[in-house]
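Q: Take a look at the letters that make up each chain.
There are 2 protein chains.
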Amino acid sequence: MAYQKSDGMNYAPESKGRPVVKPGEFVFAATALDHGHIYGMCNGLFGAGAVCRGVYDPDPKKLAAFHDRYPDVPMASSLEELLEDSSVQMIAAAAIPNLRCDLGIRIMEAGKDYFTDKAPLTTLDQLARAKAAVERTGRKYMVYYSERLHVESAVAAGQMIEDGAVGQVIQVLNLAPHRLNAPSRPDWFWSQEQSGGTLCDIGSHQIEQFLHFTKNTSATILSAQRANYDHPEHPEFDDFAAATLLGGNGATQYLRVDWFNPDGLSTWGDGRLFILGTKGYMEVRKYLDVARDCVGDQIYYVDGQGEHHECVAGKSGFPFFGEMILDCLNRTEHAMTQEHIFLAAELGVRAQNEAIRIQPRADERRAPYVSSI
Amino acid sequence: MAYQKSDGMNYAPESKGRPVVKPGEFVFAATALDHGHIYGMCNGLFGAGAVCRGVYDPDPKKLAAFHDRYPDVPMASSLEELLEDSSVQMIAAAAIPNLRCDLGIRIMEAGKDYFTDKAPLTTLDQLARAKAAVERTGRKYMVYYSERLHVESAVAAGQMIEDGAVGQVIQVLNLAPHRLNAPSRPDWFWSQEQSGGTLCDIGSHQIEQFLHFTKNTSATILSAQRANYDHPEHPEFDDFAAATLLGGNGATQYLRVDWFNPDGLSTWGDGRLFILGTKGYMEVRKYLDVARDCVGDQIYYVDGQGEHHECVAGKSGFPFFGEMILDCLNRTEHAMTQEHIFLAAELGVRAQNEAIRIQPRADERRAPYVSSI
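Chains as they are written, first to last, in this note's numbering: chain A, 60 to 432; chain B, 60 to 432.
Any copy will do: because identical chains look the same in the list, a pair fits if it lies in one copy or spans two.
In silico SDA-like pairs for lysine to any residue, Cα to Cα no more than 25 Å straight-line: (1) K374 with R351; (2) K338 with P245; (3) K374 with A350.
None of these hints come from the bench; they were simulated from the model.
Model the full structure from these sequences, guided by the hints.
A: Listed below in structure tokens is the structure:
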């Protein structure tokens with residue numbers, strides 16, 4: 060359990076927000092504390108000025124842990140209590156992935172906006188039902204795509220692209236290793252059905268970045284792979300996955316996600332983001348600058364003028380949370396459009412569904428074997 | 060022409076060899092000076108103790124340039140003169156890519172080993188003829204895969220993998236940007252037929268690395284893309300290409316090659332090599348450490364113990380050349396097997412042939428268009 064405080068599951072940056080509302084103007088509640096991302100979600104909301112009116116989870120241990128962290132938040136005795144509280148405008152939740160959609164529909168049916176951890180859903184059937192519920196209720200199904208929204212260098216990279224730093228973006232390449240920390244993982248983590256699978260789960264983060272940085276509103280999966288190279292004790296689990304996407308405007312993405320972050324790394328993953336443009340390129344070393352600096356948010360970029368390096372930690376903050384709150388109050392879509400959210404989710408599911416599963420072999424002279432599971 | 064001395068075409072490291080033979084024990088000649096890599100090839104051979112008995116090119120300018128660099132090498136008046144010189148054991152050549160195979164067959168038919176610049180051939184028909192000629196003549200068809208053989212950090216990475224630094228290698232990822240320096244490029248460079256195309260040409264380097272680092276002797280192309288994003292004046296040219304390969308043992312590769320190296324970069328390309336293993340990973344910053352250090356050969360690696368960084372410039376040298384010379388003298392295959400050489404070449408051709416060509420569009424709401432050319 061040595062790294063329990065340093066894996067992606069517990070990544071919850073402290074709020075660096077600027078309140079966009081006065082106390083009480085935006086009220087949320089929290090439930091389904093299954094994934095540690097709930098703390099990042101709450102921190103983001105608090106930083107933007109939101110107030111949390113209550114929290115509920117059927118597991119008393121999870122509820123107690125939340126209470127330890129945020130003692131001012133009242134503990135509710137049921138989800139219904141939160142759903143029936145007319146002062147609550149949004150409910151934030153980090154349920155087991157395959158339960159996220161149904162929970163969201165229930166929340167939206169109760170007249171509240173929904174803010175869920177990624178991946179927001181795990182099947183195309185859920186996607187159809189989520190879209191119908193948004194249409195029917197007029198509520199929002201927002202997603203915590205933390206690897207962009209809660210990483211200052213990713214926020215800054217988006218702004219630099221907007222400002223023309225690299226010209227037209229033609230490729231986004233994401234390397235997203237994660238520390239496994241197997242003993243800390245709940246049972247659902249190892250189940251394809253419950254977790255949605257590595258491409259759906261961690262892949263959806265990367266796909267959301269691709270759509271955002273290339274301004275694509277459509278994309279297809281050209282190729283996807285998944286494999287279990289070194290964890291036979293969890294046969295459904297993919298410890299490696301990758302995909303290539305083609306956006307409607309011709310830009311491509313390659314994303315690689317894996318659970319092989321070595322114990323010797325000082326943080327939970329050496330996440331990298333490479334953005335290739337017609338006039339330059341950018342590399343974002345998100346969580347550290349390996350063997351150089353344990354502070355992350357390092358942006359390296361090269362353009363016609365020279366090579367540049369800047370640490371943007373503490374500079375851009377996390378504007379998403381405030382924008383989302385204002386979107387909820389004003390029924391606008393400045394933080395992120397519903398179409399974008401659902402497209403990223405859909406592509407994550409499709410990548411997962413369409414991926415071939417590689418079966419490693421010791422005797423590589425036999426033809427590569429691709430299994431159907 | 061500001062960068063003529065700093066593009067990949069003129070990448071010719073000085074010899075850092077250790078002579079493996081006494082003067083006169085291994086004699087080669089040079090011809091077909093179409094690609095600047097001929098100088099890297101000669102430097103490598105000289106460093107390992109070889110003597111160059113003569114050089115020929117039909118273009119007097121190219122011949123004069125070679126003579127300026129190596130004034131001790133006699134200028135021959137025809138290729139026949141070199142082919143008929145029984146003291147010449149090997150002929151090194153960097154012809155226009157689609158002519159490399161026929162030249163090699165002629166050289167092998169004359170009883171000499173052949174050492175060609177990559178890509179060694181550009182079609183599957185040429186591959187079949189090259190294999191038949193090797194079989195028939197018993198001569199070697201060696202290839203200058205410079206991006207591994209003539210890069211000390213790539214050599215060192217191979218040794219580290221051999222020593223178990225990262226466990227079992229499950230993925231190799233290559234980013235291979237190259238400076239275009241368009242005004243310096245000969246006409247054949249822009250022709251798909253003559254150059255073989257970007258995946259065949261620059262891709263073959265990367266594929267050779269994949270096969271070597273993962274010890275694969277078979278592989279298939281899972282996916283390949285090529286595109287011309289920003290050079291409409293050269294419609295056949297691909298300024299971007301990428302491919303995903305699956306090796307027989309289940310390891311994968313992603314390779315990305317492009318011609319968008321920005322003018323502001325201090326060298327011809329920020330080539331990177333990422334090697335993911337079950338016990339750690341390695342990143343090789345081959346030609347510079349962008350915005351940090353203009354000296355290349357920087358290896359970053361992380362294992363169970365910690366994060367490590369080492370600059371290996373000047374440490375490992377280039378053992379390939381001496382090993383190749385000894386292989387020629389002893390008819391062994393320690394430097395590289397003929398099977399490996401032809402497999403890398405074949406996969407480069409297949410990647411090129413199987414790639415979809417992406418057609419960028421300004422209006423990305425239309426379906427992505429993939430052309431057949």
